[in-house]
Amino acid sequence: MKADSGSYRIEVNHVTRVEGHGSIRINVREGVVEEVKLCIVEANRFFESFTRGLSPHEIPWVVGRICGICCVGHQLAALRAVEDSQGIEVSPQTVLLRKMFNESQFLQSHLLHIFFLAVPDFVGAPSVLPLVKSHPEVVKRALRLKKLANDYTAVLGGRAIHPMSATLKGWRQLPTMEQIAGIRDRLLAALPDFRESVAIVGTLKVPAFERETEFVSLKHPDEYALYDGEIFSSDTRSGVPVRDYRSVTNEFTVAHSTSRWSRWHREAYAVGALARVNNNFDQLRPEAREVAGLLGLRVPCFNPYMNTVAQVVELVHCLHNSLAMLERVLEEGLKEEDIQHAPRQGRGFGAVEVPRGILFHEYAFDAEGRCCDANAIIPTSQNVNNIEQDMKAFVPRMLPELTREELTHHMEMLLRAYDPCISCSVHMLEVAFIE
Amino acid sequence: MGAFLVRKAAVTEWIRSLAREQPLFFPQPVGRSGFRFQPLREGSEVRFDHYRPSVVPPGRQLTPAGEVLFRYRTGEGGVPGFESVLDASPRILAGVRPCDLRGIYLMDRVNREGRDDPHYLTRRANTAIIACDCLAPCDDFCFCETVGSLRWREGADLFLTSVDGDFLVEALTPLGESLLPGTGFARCEDVAGLRARAEEVRVRPFGRHFALSPERIAAILPGLWRSPVWENCGQRCLSCGSCNLVCPTCYCFDIQDDFDISDPSSGDRRRNWDGCLLPNFAEVAGGHNFRPQPSARQRHRVKRKFEYLVGRLAEGSFCVGCGRCGRQCTVGIDIFDIVSELVAVAEPPP
Amino acid sequence: MKPKVAFFDFAGCEGCQLTILDCEDLFLDLLERVDIVEFREALSETAPRFDVAFIEGSIHREEDAERLREIRSRSTLLVTLGACAGLGNVQARSNFLSPATNFRRVYGEEELNRVQADPEFWPLWAHTRVRSVKEVVPVDYELRGCPVVAEEFLHLVKSLVVGTVPHVPTVAVCVECKMQENECVFDRGETCLGQITYGGCKAVCIGHGYRCDGCRGLLPQANLEAHRQLLRDKGLDESRILERYRLFGSAEAWGRERRP
Amino acid sequence: MIPNFTTPDVAAPGVAASGVFVPETACSRELYLPQAARLLEVEALTARESRFKVELPRPLGHRPGQFVMLSAPGIGEAPISISCGPRDDAILEMVIRRVGTLTRFLHELEPGQWVGVRGPFGSGFDLGDFYGRDLLFVVGGLGMVPMRSLIQAVMATPDRFGKVTLISGWRTPADELFRAEVQSWSRLGEGSGRVRVIRLVDDTAKLPWDGGVGLVTEPIADLDLDPERTVAALCGPPVMYKFVILELVARGLAPSRIFVDLERRMRCGVGKCGHCQINHLYCCQDGPVFRLDRVAHLPEALP
Ligand SMILES: Cc1cc2nc3c(=O)[nH]c(=O)nc-3n(C[C@H](O)[C@H](O)[C@H](O)COP(=O)(O)OP(=O)(O)OC[C@H]3O[C@@H](n4cnc5c(N)ncnc54)[C@H](O)[C@@H]3O)c2cc1C
Ligand code: SF4
Ligand code: SF4
Ligand code: SF4
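Top to bottom, those sequences are chains F, D, Z and L.
The numbering used here puts the first residue of the first sequence at 834, with every later residue one more than the last.
The numbering used here puts the first residue of the second sequence at 8, with every later residue one more than the last.
The numbering used here puts the first residue of the third sequence at 15, with every later residue one more than the last.
The numbering used here puts the first residue of the fourth sequence at 5, with every later residue one more than the last.
Okay, chain F solo, but in the shape it has when bound (with noise of 0.2 Å):
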C-alpha cells in the first residue's frame, strides 16, 4: 500500500542507531503531510550550569562527559575556549599533537558511523549483527579498523574514551616516540583495508533526493579547517570569528518547546561533514579528493544522504594527514613542555569541527579562577532544524512513491545520515505533545 491515502500518524520513538534519543513524528491528514518534527527525547544533562564552580583544568575533564563518542572534540573545543579566557598560548607542538588527536576521533567516529551505523541502513539490514554473518570480512576489516583508530586516540590521550593527557597548555603526559612510530606503521599497514572500505561505499545506493541549503564550517587559510578557523557560511562564502559564533547559530526557540534552534542566512543551515566538504573542497588532500570523485561526490552537493559519502572522503583525508603529521612528529621529536598555570578571570570562546560538525564552547571564569557561566552549541543542534527542513521538504515528495514502512524507514535513515549526536544535547529538550 502506498503511504499516501487517508490521514495518519507515524511515530518512531527512540531512533536506532544513533546517539542519544529521538524521535520522529510524522502527521498526514488524508493525503496532505501536516507536521513532520524530529523530538529529542534525551533527558536533559544541565552541564553548563553544574559547570560552574569547576577550575580551569576540569573543564575540559568533565565537559568531555558531554558525549562519549565526541569526548575528544568537546576536550579541544573546551580546551581552546578556556585557554581563550586564561590567555594562554600554546606552542606549535601543542598544536600539532592536538590536531592528530582530534583526526584521531574523527577516524573512529567516522568510520563507527559508515560501518556500524549507516552501511546497515543502505544494505537494508536491521543492524550490523547480521552483517557479521553474511558480510564477515566486511565487519572484521570494520572492526579491526576501528581498533586502530582507537589506539591513535588513546597513544595521544591515553585512552580511546574519555582520554586524559591532554590539558591546557600542552601534555600532562606525552606519548613516546615508539608509539608514534608504532601508530605510524599500523596506519601504513592498513592502508589496503582502508582502500576496500571505501570501494565497498562506492556499492553503495545512495537515494537520491536534495534541497538546497546553507552550508556552516571552520575555514582556515592554509588547511582543510578541523582544528582551527573562522566560521564560515556558503551563502555568503565569507566567515565571521570564533568569539561570534552566537551571531552565526542565532538560537531561537519554537513553541511548545524549550529546544534551541539554529539559522543564519536562511530558515536552517546543515553543519558536518558534508558542510566541510562542500565550503574547504580545495584544500583535502588528494587522495580524498579522488575518492570524492570516485563516490560520486561533487561539490556543491546538496543531497543529505552524502553525508556518508563525505565522511568516507574526510577519513581518507584525515588517514593521510594524520600519516604526514606523524611523520613530523617523528622527525621533530616531542619535548617536555611547561604546563603550570595559575588559573585566573576571563572569559573565552573556542570552536572545533568534530565529526558531526562545528562545535562552539564558551567558558567565563571569576576572580577565583572558578568558573561562573559557560555555554556549549554542539553540531546536532545546530543540525535539527535543518533536518526537519529536509523531512518536510521530502515526505511530500516520497508520499507518491513509497510504502508508510519505507517511508519510515527513509526517514530513520534520512536522520541517521546526518549522524546526530543527541547525547551531547546539552540544549535541547522537547517536550512531546500527544493529542
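Accuracy of the hints is not assured; some may be wrong.
Below 35 Å or equal to it, Euclidean Cα-Cα: the simulated DSBU-like pairs (lysine-lysine) are [said to hold, decoys possible]: (1) Z:Lys16 - L:Lys57; (2) Z:Lys216 - F:Lys1168; (3) F:Lys973 - Z:Lys172; (4) Z:Lys172 - L:Lys57; (5) F:Lys1168 - F:Lys1225; (6) Z:Lys18 - F:Lys1038; (7) F:Lys973 - F:Lys932; (8) Z:Lys248 - F:Lys1168; (9) F:Lys1002 - Z:Lys172; (10) F:Lys1168 - D:Lys15; (11) F:Lys980 - Z:Lys248; (12) F:Lys1168 - F:Lys1002.
Please keep in mind that the hints were generated in silico from the structure rather than gathered at the bench.
Starting from the known structure of chain F, fit chains D, Z and L with the ligands onto it as the hints suggest.
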C-alpha cells in the same frame, strides 16, 4: 673470585653492552622523583650516583603482577590437561642496592621454605644481580643500617663499590664472573684496602636508627599486642595497601582463574599481588574477617616484618629498611616511626 | 542456550556502550557466546525478555524511572554500566542546585519564565533530580568507571556465561598504581582520590599524568575522615574538598559524607 | 609459548660462555599444578551442601583432618576438607557448601566431569594422640565434614579407643549432615555404651527432630567425662570455639588435650600466599588442626 678496579665510564659501557645481550633492568627516573627498574635501552641513562628507591622493588621482577602459573586445556572426554608456565628467560637486575639485595635474599629463603616455588625460583635461577653499594643514605626515609641491610652482599653475582670515582667490581659467583668482559678489566689485588677506603667515606651513622637491635625488637613485640600505637596509626590508615605492594619482603598473593572467550575449554590460572593491609585479606567464607580494623592489619604487618617471619626463618629483620612504605604512604604512616614508638613504650629511654 | 543480553541507555554520554563496541578483538567472539537482543547503538531489534540487561546512564525523569522499572521486570539480571548509572556521574552535581537555577543557567531567564507560566511544561520539573540506577531498582552487578573498563565487562560476561559470580575486587586504585609502578600523584605535588576509590581501572589516569578523581566510586572501607584531613594538609579548603569528592560520585559521596 | 614442565633438581643456573643464560627450570616439583580427578558421584545432602566423590589417578594417602585444594579450571580453586577417613583406593570424598564462585560451579557438575585436585595439605590429626583415650568430638555445622574423616578412622578400629562422645550442633534439622552414618555410629555403641551421640539444633524450625534443642556447649557440663582420660577435638564456625573451650576447661580438660580445626582464607595451601596466617603460624601448614596449648596464647587464633 675476581675483583677489578674499573673506570666509571668503562663500567657504564660494560653495563650497556650487557643490556644488548639480554634484558637488563636498571633504575631509571620516572616523573619528578620516582625510579623504576626498566629494561635499559639504547640511549637510556646509566647512573649510579642519583637514586631513591624505586616505587616497586627490583625483586618484583621475579613475581610480576598477574603472572600465569599454568594454562589448561580440556582434552578428550573433558579431561583437563595442565601445563605449567615457567619463565626461564634470562635477565639481569643491575643497580640493585643492598636493602633490595637483602630483600631478594629473603624472598629466596621464603620461596624455598617448606616447598620450593618453581615460578619464583625459575626466574631467580635465570637472573643475575649486579648490586651496588650505598655510601650515603638515599633520603630521609632510609634506615637500612639499623636493620642490618647496609652491608648486605649475599645474593649478588657482582658487587660494585664506588671508590674515589672509580668502581671496585667484585665477582661473587661464577655467574657474576661470566658476565665480566674477557680481558677488559684490570684485576686488583688490594680488595680489603679499597673496601676500607669506601668504608671511610661512608656516611656515619647511616640513615635512621632504632634504639634497639632487630633481635631486641623481635623480643619486645609480643608484649605489645595491646599498645595504643596500633590504634593511632589505624585511625590514619586509608587501607590502600600501598605499603604492602612496595615492600621488598611483601609477597602475599591472590589467585584468579580465567578462561579464553574464544574457547572456554582453555584458559589459565594467574597470581596477583595482594597485601595484608587490604581490608578483605583475612576474610573467610561466610564473611568473618579475622582482621577487620586497620589497626589489626597494621599490627600484623609490623609484626610480620619484625617478629613472625624473623622467628620462622631465623633471619634478623624482615624489614630491610628501604623506607619505601613510609615514602609511599600518603598519610605518612612510616614503619620506622611505628617501631620507634613501640620501642619507646617498651623500653623508655632512661 | 546463549544468554540473551540487552543494552539500554538513559542520560549519559554513551561512552560505556562504545567501550563495549570497542572490544573489537573480542566483539565477534562475544557474539558467539551471547545473544545481543537489544543494543540501540547498533541494532534496531527489541525482545520481550532477556537474561541480562545492561543499563547505561542516570535517571532524571519519572518517565525514565518507569522505563527502567519495566526493563527490570523483563530481565533476570540487571547490571549498571559506568559512573552515570552507578553513581549519577558529573551530572548529579546539578542536584545541589535548585531546578529553576539549572534551568535558568541553560535556557535563560526569559525561557524560565515562559516555561514556568505554561502548565504544559510542568512535566519538565520532574526532571530535576539525577538518580543512580540503584536508587530506582535493585542492581545485581555494577561495572564501574567513566567509562567502564572493557576487561571488566568481558569478565562479567564470561562469568554470566558459565554461571559464576564475577570477581569484584574491593581494593583501592593505589593497588593498581603500584602494579603499574606509577609515581604517586602526591609526589608530583598534587592530590588524588585513588586511596578511597574502587580500583579496577589499572590506574589509567595516573599512568597518563593525571590524578584519580574517583569516577569508580567510593570504597566501602574508605576512611574519609583521614582522607579529608590529608587534603586539608595539602592546602585544599573545605569547598574544594567537597568539589573533589562530588565530582563523579556526587550523589553517593554526599550521602556518605552526611552519614554519622 | 608454554615450556613443557620438566622436573630437574634444583640447579645452579647454567651460563654459556657469552654470558647469556641457558634457560632451565629450577626446582623439583610444581606446587600449583593440580591433577585431574573424575567426579564419580554428586549427592545433595541439604539444600546448600552436596557430597562429592572423585577418583584420583593414585591414592591420596591422607591423614584425617587434612584438606585438598580443589579447583575447576577457569573458575577457581579453594581449600576443601577431606571428609573420608584414610583409605587405600584413589577415592576422595568431600562435602561442599554452595557459597561463592567456585562452589556454585561445582554444584552444577555431574558425574563423569572433571575437577582438579592438589594435596593433601595441612597437619591433620595424629591418631597416635587418640589411642587409648576417651574421645569427645564437638562439631558445629560444616565442621562435621573434616571431623568425619577422623571419626571414620576411629570407627574403623573402635577397640583401640575408649569411650567416644560426639556432640553435633545444627541450625535446623534440615541442616544435619550424615544423619544415617551418625546413627550407625551410635548403634555401634548401643550395646557397650561406648559411643554416645548428642545431636542438637538451634531451632527445630517446625520440622520433625529426634534430637535435642540447644547449643553444643550445653551438654558438656553434664557429660560423664574423666578429664585425665579424655581428648577433645573441635570443629565449627569461628564463634563456636571460645565457648566450647571455656566449658571444656571448666571440666578440667587440659589445653594439651584439646584439638581445634581452624579455617582461614587460603590461596595456595602451601604456605606461600600469606592469607591464612594466624600470628606467626600458617593455618595451611602448621594447621588447620592445632593442639590448643600451642595456639591458645595467640590472639588471632580464636576470636
Ligand atoms: C582448611 C579449609 C577447609 C575447608 N573445607 C571446606 C569444606 O570441606 N567444605 C566447604 O564447603 N568449604 C570448606 N572450606 C571453605 C571453602 O574453602 C570456601 O567456602 C571457599 O573458598 C569458597 O570458594 P568459592 O569460590 O565458592 O567462594 P568465593 O566466591 O571465593 O566466596 C565465598 C566467600 O568468601 C569470601 N571471599 C571470596 N573471595 C574474596 C575476596 N577476594 N576477598 C574477600 N573475601 C572473599 C566472601 O565472603 C564470600 O562470601 C574450607 C576452608 C578451609 C580453609
Ligand atoms: S617494611 Fe617498609 S621499610 Fe621495611 S622493607 Fe618493607 S617497604 Fe621497606
Ligand atoms: S600505605 Fe599508608 S594508608 Fe595505605 S595501607 Fe599502608 S599505612 Fe595505610
Ligand atoms: S597516585 Fe593516587 S591512586 Fe596512585 S598511589 Fe598515589 S594516591 Fe594512590
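So, going through the hints one by one against the coordinates:
1. Z:Lys16 - L:Lys57: Distance of about 30 Å is within 35 Å: holds.
2. Z:Lys216 - F:Lys1168: 26 Å, holds
3. F:Lys973 - Z:Lys172: Answer holds: F:Lys973 to Z:Lys172 is near 22 Å, not above 35 Å.
4. Z:Lys172 - L:Lys57: 28 Å, holds
5. F:Lys1168 - F:Lys1225: 54 Å, violated
6. Z:Lys18 - F:Lys1038: With a Cα-Cα distance of about 34 Å, the restraint between Z:Lys18 and F:Lys1038 holds, given a limit of 35 Å.
7. F:Lys973 - F:Lys932: Cα-Cα ~28 Å, so holds.
8. Z:Lys248 - F:Lys1168: Answer holds: Z:Lys248 to F:Lys1168 is near 30 Å, not above 35 Å.
9. F:Lys1002 - Z:Lys172: Not satisfied, since the Cα-Cα distance of roughly 43 Å exceeds 35 Å.
10. F:Lys1168 - D:Lys15: Distance ~29 Å between F:Lys1168 and D:Lys15 Cα, so the pair holds.
11. F:Lys980 - Z:Lys248: 41 Å, violated
12. F:Lys1168 - F:Lys1002: Holds, at about 13 Å.
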